[in-house]
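Chemist: The opening residue of the sequence shown carries number 1236 in my numbering; numbering runs sequentially from there.
Bear in mind the hints are in silico, worked out from the structure with no lab data behind them. Think of the CB as a built atom: it goes at the ideal place given N, C-alpha and C, for glycine as much as any other residue. A hint or two may mislead.
Listed next, with one range per pair, are the computed distances between beta-carbon atoms [stated by the list, open to error]:
no. : residue 1 : residue 2 : range
1   : T1560     : E1317     : 22 to 30 Å
2   : D1384     : A1490     : 46 to 54 Å
3   : D1410     : E1317     : 24 to 32 Å
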Amino acid sequence: MKKKPFTLFLVVLLLLFLAACGSSTDTESTDSTDEQTEAVSETADEPEETEEEMAEEETMEEAETGEFTIGMMVIAPIPALETVQESFINTLAEGGYVEGENLTIIRANAEGDIATLNTIAQQFIDEGVDLIVTTSTPAAQAALNATSDMPEPIPVIFTTVTDPYAAGIAAAPDDHPAWMTGSQMYPPLEATFDTMFEINPDVSVVGHLYNPAEANSVAQTEEVMRIAEERGITLEIATVSNSSEIRTAAESLAARGIDFFYFTQDSTVASGSEAIVQVANDNGIPIITNDIPTVAKGGAVAVGASLREDGRVAGEMAVAFLNGTLDLATTDITRVDVYDYFINRTGAEAQGTELPQSLIDRSIDQTPE
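Based on the sequences and whatever the hints tell you, model everything.
Modeler: Set out below in structure tokens:
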């Protein structure tokens, strides 16, 4: 009988122990549940990325990892075209795309062979470049022909195209292939004839050289013929198909009693303009042209659209395109309206011409020192 209180004491102690264990378990369970609830709440508070934000991040990653590759193609190693390309690349760098850091540029030169341009364009397609940039009308035509049949054509931005409409690249500034646009560099033909009369008020016969295989040259020559007729000038014409024919063509013009040698932005003639300089010096006939680099080779005067402005305009298009803020399909072809005058006083003297002070005052002097 005396053992009952002790037994009761053990039962009470056991119940208290069990109650304490249950309370501890409930507390741990509650704490764990609260932590999970807080984690879920924090996750729910974080906004989900939109498709636009994800696309923007991908674009930024491409720029950071150097994933952009540009294929640059040119008809020939002509200084004027190289100046345009240099300006284009500098504009890319100013826009944040630096070659060797976050941009790869593959350069290709057709060395004056139009057929080679088609091979170059196809190589760029095989390489899978992100953008094709062309310099000269034939290069733009080759890129267009190569990409036209692609299900998703590689984007193309062109430079140094005199007349994209006559060349079959576009129908109007706002009517062009959806994957292709660029800058138009049309020479100031009327201003060139004004300059002829400024140099020689009695000018009556002008000798003109061009390659009929270049669409831009054909379009310019038609305009030159119209202007010459309106101003009462006889236009003597000589055609060439490659640079080896230039000297003979120039000599034939010199024999026709011309007052000026004249050629516009013809890639073939420009690549061999040294031959014209030689004939001009031998016969005392001044050269006036729309090909600016010819002045540095010895030509007397050049009047042309700004080469650097052409490269800058196209370069800004490329920067905006790589940034994802420009749609080539809705971007008009932009005509370069900045013109420059260039003179070579030594060249003019060798060709028997004294340049008027009015022309000297507004020109960039490229007379060698």
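Chemist: If a hint holds in the structure, say so; if it doesn't, say that too.
Modeler: Quick rundown of the hints versus the structure:
A C-beta distance of roughly 29 Å is found between T1560 and E1317, which places it inside the suggested range of 22 to 30 Å. At roughly 48 Å, the beta-carbon separation of D1384 and A1490 lies within the given 46 to 54 Å, and the hint holds. Range check, D1410 to E1317: Cβ separation about 31 Å, and the 24 to 32 Å hint holds.
The structure is consistent with each of the numbered hints, conforming to all of them.
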